[in-house]
Amino acid sequence: MKTRTRFAPSPTGYVHIGNIRSALFPYLLAKQNKGTFILRIEDTDQNRFVADAEAIILDTLRWLGLQWDEGVEVGGPFGPYRQTERRDHYIKWAEKLIKKGLAYADPYTPEEVQKFRQAAEKAKKPFLYRNHRPENPPKWELGMPLRFKQTKIERKYWHDEIMGDLEAGAETLDDFILIKADGLPTYNFAHIVDDAEMECTHVTRGIEYISSMANYLALYEALGLKPPIFVHMPHVMAPSGNKKLGKRDGAKSVQEYRAEGYLPEAMLNFLVMLGWNDGTTTDIFSLDDMVKQFDLTRVQRAGARFDEKRLLWLNGQWIRRTDIAKLFNYAKDFWGENGQKATDERKLEVLAGVQERLKTLGDLPTLTEYFFTTPKIDLSMITDNKFLSRFSKDELITMLEVATLKLKTTEWQTDSLQEALNQLLTETARKPAELFSLLRIAVSYAPFSPELPRTFAVLGQAESLARLQATMDALHA
RNA sequence: GGUCCCAUCGUCUAGCGGUCAGGACACCAGGUUUUCAUCCUGGCAACCCGGGUUCAAUUCCCGGUGGGAUCACCA
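Numbering (our numbering), first residue to last: 1 to 477.
Hints are computed from structural coordinates only; laboratory data are not their basis.
Remember, predicted model here, so these are calculated numbers, not experimental data.
The C-beta atom is built at its ideal place from N, Cα and C for all residues, glycine as well.
It is possible that some hints are incorrect.
Stated by the list, open to error - Cut-off 25 Å, straight-line C-alpha distance, at most; resulting in silico cross-link-like pairs (BS3-like, lysine-lysine):
no., residue 1, residue 2
1, K359, K341
2, K244, K309
3, K125, K149
4, K92, K226
5, K226, K152
6, K332, K252
7, K376, K408
8, K408, K431
9, K152, K139
10, K393, K408
11, K376, K393
12, K376, K359
13, K139, K149
14, K359, K431
15, K431, K386
16, K34, K96
17, K386, K376
18, K99, K139
19, K156, K124
20, K96, K180
21, K226, K100
22, K2, K292
23, K125, K96
24, K115, K125
25, K393, K431
26, K341, K292
27, K243, K149
28, K386, K359
29, K96, K156
30, K139, K115
31, K34, K226
32, K92, K139
33, K309, K252
34, K393, K359
35, K359, K252
What the hints assert, rightly or not - Derived DEER-like restraints, expressed as beta-carbon distance ranges:
no., residue 1, residue 2, range
36, G460, R301, 53 to 61 Å
37, A181, T280, 51 to 59 Å
38, Q46, K99, 33 to 41 Å
Could you put the whole structure together from the sequences, leaning on the hints where they help?
Listed below in structure tokens is the structure:
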């Protein structure tokens, strides 16, 4: 059978790293079998619904390159793909259950159920609604909660592609809600109906659903459905503490990482390596590589901790190995105030110069603004420099003067500049670390910059010499 | 509390009875007669504990301990 997987997020307005992994895994499974990746929106909770959340999810997925084959916006044979638009489907399946005597109306008010629950808690026992099952429930109609009726209270066994063989005690089986009083289905019911109707072959989700598996298994049976392949993914844990990654721990959303200048390739690479490896020492994977190599049986069963330092390292790796034209496109919105106004040609030239120095695109302004505007002179960068601090101002000025003299007559090309700079070393009798640090700072006043000849070349002769002069003037003052 | 799951350097992990327990990030120290960054080299650093099984356990089994998940008209 053709593989059909889905990502089924709730539009609650916040997409973090862990959520994206829930999209990546099914995407990879679908693609490696030439299958179909579906995007379904699970918007049955009207209280948590956030208006533009769906747009953010779609945008994030597309940015990452995880394009879905079927689902919202793109359509498909099993639509609609938004649960609130599928109400009649759920009602239809619910009525089947009622007819078979496997579902019944819940006559209690939420307050009454809450009392049962509190009593159970007080007795230190898990709350089981089925212990309070009404003897003669009213005929169900829309507006009343509909519950599933468990008929076989037994231990359940099943297989999970990641977690292996699992089981659950009969105590976890309960008469859970199928349809809420607002007429919308619960996740527990809706996802099973939808997965079946959309012919999903795999269910991928976080391990928090394992404890509900016994109930789902019972429901598949009651509905006469063949259970799909189960894939429960361990959580991504927060950088500190022992909690799973979440908004309240200050976990950044994917949009935030994007805004800070992280590349989608780095995000995906980082994500797939959290809890998975291909058995070799390879640690750089493109999306295509992942499709080829990904294997559920090699996914770790324990939760993996989120390590932002590693993400940063991977981002640097990806910036360096990304084609300059593509990187230029990614960098579009990251230029500084002056860089933004420069021509594309000029920006491309500068970007190529700093490509291997960038860790995130967010570093772009501090690394490039001095190419587009005269930097503000900050003599402390010279006086505090570990190589330069021991020189007197006069010595520094002399070095700059000698350099200026030389550069005035140098042909302005990287190779001839290179040569001139090397000659300057012998002429000034200074070490590279000394002379070059001084020149680098004098023309850039930035923490990092490209190789000196290249920096000079891109800056141009007149501008370079003017900046050296400006520093000399400042040292004189 | 019931139920279920998990357990190798600080972090991500390799390992599937015999290994000097390997790699990567981070950190530290050097190096590339061009600085900073990159890059290269080296260093630091781990099998949760106790029983079994076995000639031999990080590896298999049991028990502890520790951690996680769940017990909603949320997903």
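Restraint status (C-alpha distance of K393 to K359 at most 25 Å):
34 Å, violated
Would the hint linking K139 and K115 be met if the CA-CA limit is 25 Å?
24 Å, holds
Are the Cα positions of K92 and K139 separated by 25 Å at most?
16 Å, holds
If you draw a straight line from the CA of K125 to the CA of K149, is it 25 Å or shorter?
21 Å, holds
Taking 25 Å as the top limit, are the C-alpha atoms of K244 and K309 close enough?
OK: K244 and K309 at ~18 Å, within 25 Å.
Does the alpha-carbon distance linking K309 and K252 stay inside the 25 Å limit?
The given pair, whose Cα atoms are some 14 Å apart, holds under the 25 Å limit.
Take the C-alpha atoms of K359 and K252, compute the straight-line distance between them, and say whether it is at most 25 Å.
Holds, because 18 Å separates the two Cα atoms, which is no more than 25 Å.
Would you check the hint for K376 and K408, treating anything up to 25 Å between C-alpha atoms as holding?
23 Å, holds
Confirm or reject the claim that Q46 and K99 have a C-beta distance inside 33 to 41 Å.
Given range 33 to 41 Å: violated, Cβ gap about 28 Å.
Hint check: K226 vs K152, CA-CA at most 25 Å. Holds or violated?
17 Å, holds
Given the hint that K431 pairs with K386, test it: the Cα-Cα distance must not exceed 25 Å.
13 Å, holds
Given the hint that K393 pairs with K408, test it: the Cα-Cα distance must not exceed 25 Å.
22 Å, holds
The structure fails to meet hints 14, 16, 23, 26, 27, 34 and 38 from the earlier list, while all remaining hints are met.
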